[in-house]
Amino acid sequence: MFEQVCGLNVDLERVVSIKKVQIEEFRHRINVLQVTTFEHLEGTATTQRRARAVQMR
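Here my numbering is used: the first residue of the sequence shown is 23, the next is one more, and so on.
Because the hints were derived from the structure by calculation, they are not lab data.
Check each hint, because a few of them may be wrong.
To be verified - Here are the simulated distance ranges between beta carbons:
hint, residue 1, residue 2, range
1, N31, T68, 32 to 42 angstroms
2, L34, R72, 50 to 60 angstroms
3, I45, R72, 34 to 44 angstroms
4, E61, R36, 57 to 67 angstroms
5, L30, T59, 35 to 45 angstroms
6, V32, L63, 38 to 48 angstroms
7, I40, R71, 30 to 40 angstroms
8, C28, L63, 31 to 41 angstroms
9, T66, R36, 27 to 37 angstroms
10, R79, T59, 40 to 50 angstroms
11, N53, V32, 25 to 35 angstroms
12, R71, L34, 50 to 60 angstroms
13, M78, R49, 39 to 49 angstroms
14, S39, A75, 49 to 59 angstroms
A virtual CB, placed ideally from N, CA and C, is assigned to each residue, including glycine.
Could you put the whole structure together from the sequences, leaning on the hints where they help?
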């Protein structure tokens with residue numbers, strides 16, 4: 023019984039550490055997406071400003 027409990031504990035610790043890594047990878051992907059989206063929105067705004075400036079001429 024004791025060995026089963028210890029084995030279960032080790033398995034749980036392994037699962038928890040794997041999940042922590044997965045969460046960190048997910049957070050990183052979210053950060054990359056936020057930066058990419060922000061850069062895209064900035065680029066779109068810049069393009070629109072340029073288009074308006076050209077139209078005004």
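Comparing the hints with the structure gives:
{"no.": "1", "hint": "N31 - T68: 32 to 42 angstroms", "in the structure": "violated, 55 angstroms"}
{"no.": "2", "hint": "L34 - R72: 50 to 60 angstroms", "in the structure": "holds, 57 angstroms"}
{"no.": "3", "hint": "I45 - R72: 34 to 44 angstroms", "in the structure": "holds, 41 angstroms"}
{"no.": "4", "hint": "E61 - R36: 57 to 67 angstroms", "in the structure": "violated, 38 angstroms"}
{"no.": "5", "hint": "L30 - T59: 35 to 45 angstroms", "in the structure": "holds, 42 angstroms"}
{"no.": "6", "hint": "V32 - L63: 38 to 48 angstroms", "in the structure": "holds, 47 angstroms"}
{"no.": "7", "hint": "I40 - R71: 30 to 40 angstroms", "in the structure": "violated, 47 angstroms"}
{"no.": "8", "hint": "C28 - L63: 31 to 41 angstroms", "in the structure": "violated, 52 angstroms"}
{"no.": "9", "hint": "T66 - R36: 27 to 37 angstroms", "in the structure": "violated, 45 angstroms"}
{"no.": "10", "hint": "R79 - T59: 40 to 50 angstroms", "in the structure": "violated, 31 angstroms"}
{"no.": "11", "hint": "N53 - V32: 25 to 35 angstroms", "in the structure": "holds, 32 angstroms"}
{"no.": "12", "hint": "R71 - L34: 50 to 60 angstroms", "in the structure": "holds, 55 angstroms"}
{"no.": "13", "hint": "M78 - R49: 39 to 49 angstroms", "in the structure": "holds, 43 angstroms"}
{"no.": "14", "hint": "S39 - A75: 49 to 59 angstroms", "in the structure": "holds, 54 angstroms"}
In summary, the structure is inconsistent with hints 1, 4, 7, 8, 9, 10 from the numbered list given earlier, while agreeing with the others.
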